[in-house]
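Based on the provided sequences and hints, a complete structural model is requested.
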Amino acid sequence: MSGPRSINSVLPRLTVGLACGLSTVIANAQPPTMTVQRIASSVSRPVFGTCAPGDANRMFIVEQHTGRIEILDLTTNTISPNAYLVVTGLSTGNEQGLLGLAFHPDYDINGFLYVLYTDSGGTARLRRYTRLNDDQADATSGMDVLSIAQPQGNHNGGWIGFGPDRFLYVCSGDGGGSDDNDAGHTAGTGNAQDITDNLLGKLLRIDVDGDDFPADPGRNYAIPSTNPFVGVSGDDEIFAYGLRNPWRGSFDSETGHFYLGDVGQNAREEIDIVLGTTGGGQNFGWRLREGMIATPSGGVGGPKPNGAVDPIYDYLRGAGANQGRCTIGGYVYRGPIEAIQGHYFFADYINNRLWSFQFDCTTDQLLFNGTNFRQFIDWSDLLVTDTGTVDNITSFAEDASGNLYVMGGGEIFKITSATIPAGRTLPDSFNVSFGNVHSGGLADLLESDDQYLQLNPVFSQSRYQQRFTIDGTASTQTPCEFKFVFEASIFNLVGTVQQRISLYNFDTLQFELLDTRLATAGDSVVIVRPAGDLSRFVETGTDAVRAQVFYQNSLPFWVTRTANIYLPFRTKIDNAFWRMH
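Just so you know, our numbering puts 424 at position 402 of the sequence shown, and the rest follows in order with no gaps.
I should point out that these hints are in silico values taken from the structure, not numbers from a laboratory. Honestly, I wouldn't trust all of these hints.
[Said to hold, decoys possible] Estimated spans, in silico, between C-beta atoms of each pair:
| hint | residue 1 | residue 2 | range |
| --- | --- | --- | --- |
| 1 | D156 | S275 | 23 to 29 Å |
| 2 | T411 | P236 | 50 to 56 Å |
| 3 | N328 | P103 | 19 to 25 Å |
Where is the CB? At the ideal position from N, CA and C, for every residue including glycine.
Right, dumping it as structure tokens:
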């Protein structure tokens, strides 16, 4: 294939800026590379690892279903034959067991460590243990700190960790089942949106160095006075809410931002963030929202609550490129490898993918829109291992030097080197031209107000189609991601309306379907991430890409024709932009 492709356009154009006004870098043809070293194998379902304060040469590995906390010597890459601690009385369902471990910031002095597990009755228990010696915790020293009854056996969450403020953060899932709507879930609201006497579906923050409940032996903690619901309606322990099944969180050691992977249900997986400069109180939207959209199942979806915070990244559930079915939250890399400094690494357990991106754009969390990232890289097929296979990733770990470890399939790998080829900077704007798919031109342009184009729909056998062309200003740019925001009267049609996004493939000379979904008012944001050799979408000679918006009503032809053929629709394009992976 010779040269970049595009289409020359001499028709009216609307210029739109990139989100946040930032230029974007696209990698050269040479792909990134990464090498990893297997440092442990035959580990039973590892779900977390961390170093203890004052003990930088050893990592403590959490085994979910055995209840064992193993000691991994990072200087010899060997696991001690004796466990540091064995937690007994566990439930061992797929999402149950020993789930979290955190060492007190003063562990080297007081010897305190905290674990979170689901007991044999299904209750999530946060317990404190005390070190017996460097190689063993005292299994008889367990003391309940907090417990949360779980209605079902899934969506336990279970990550715990101390923040830069020295408070302990605890992730809890919504209690399980589907749609946050089964037995044991608050009727009409769901647990995740219920902030009164309900700690499910939340990010909690407690002070383990105090005790505000001396008369209750099961509550051995204090409430930080700066927690968002202190003194107002809502449980004082809550720091953020609206979570479904948060799986693995982490604090960026440089910025203090808290990153969290939240596993979706049927449509979206998401990465959320709590900025280190905020005081909490974020509502991440579940069960009303799944990623950037209204929850499409169970009749529980709806508009975004006032002040709710969207994810900084979400992706479709499926088996395709950049899709998956179980997100695994990770870490921002702060180790010695310069090329990946500041990259947030995360994974998908079901689809065997390993990704990274850099958080981008805004310090105003109300501006989060699922695209607050740059330099997205799919590392899955770029890894070079000395032995073993990086798959079924269940968690990540970070050592005292910021090195990053990937856990999966009973193996633990350390990232030892990485390169990202130098890229070229793309312009900060592009031109969007709209045209009728049948006329091949820019017919039916009715109005432009710098944000909207009012368009007459093209009607053909129960279908509404509109094509538009995006022309770049550089000679060799290749599109990697598009985001479209639709506000269309067509969403109000009777019957079921299906919305599709296609890009024109100049190799096959036909439109290639990239996204299909039900078109509803709550599903007006579409992010398209093509895979493979993207030059197939760029026409030879210039730098244009043709996209097609396609609506199809499920009702019979005559009903659609009589009811809707004359309805125009408005398409908001100020948020459509180039985004390079």
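Hint by hint, here is what the structure shows:
1. The supplied range of 23 to 29 Å is met by D156 and S275, whose beta-carbon atoms lie about 24 Å from each other.
2. At roughly 52 Å, the beta carbons of T411 and P236 sit within the given window of 50 to 56 Å.
3. Between N328 and P103 the beta carbons are some 56 Å apart, a value that contradicts the proposed interval 19 to 25 Å.
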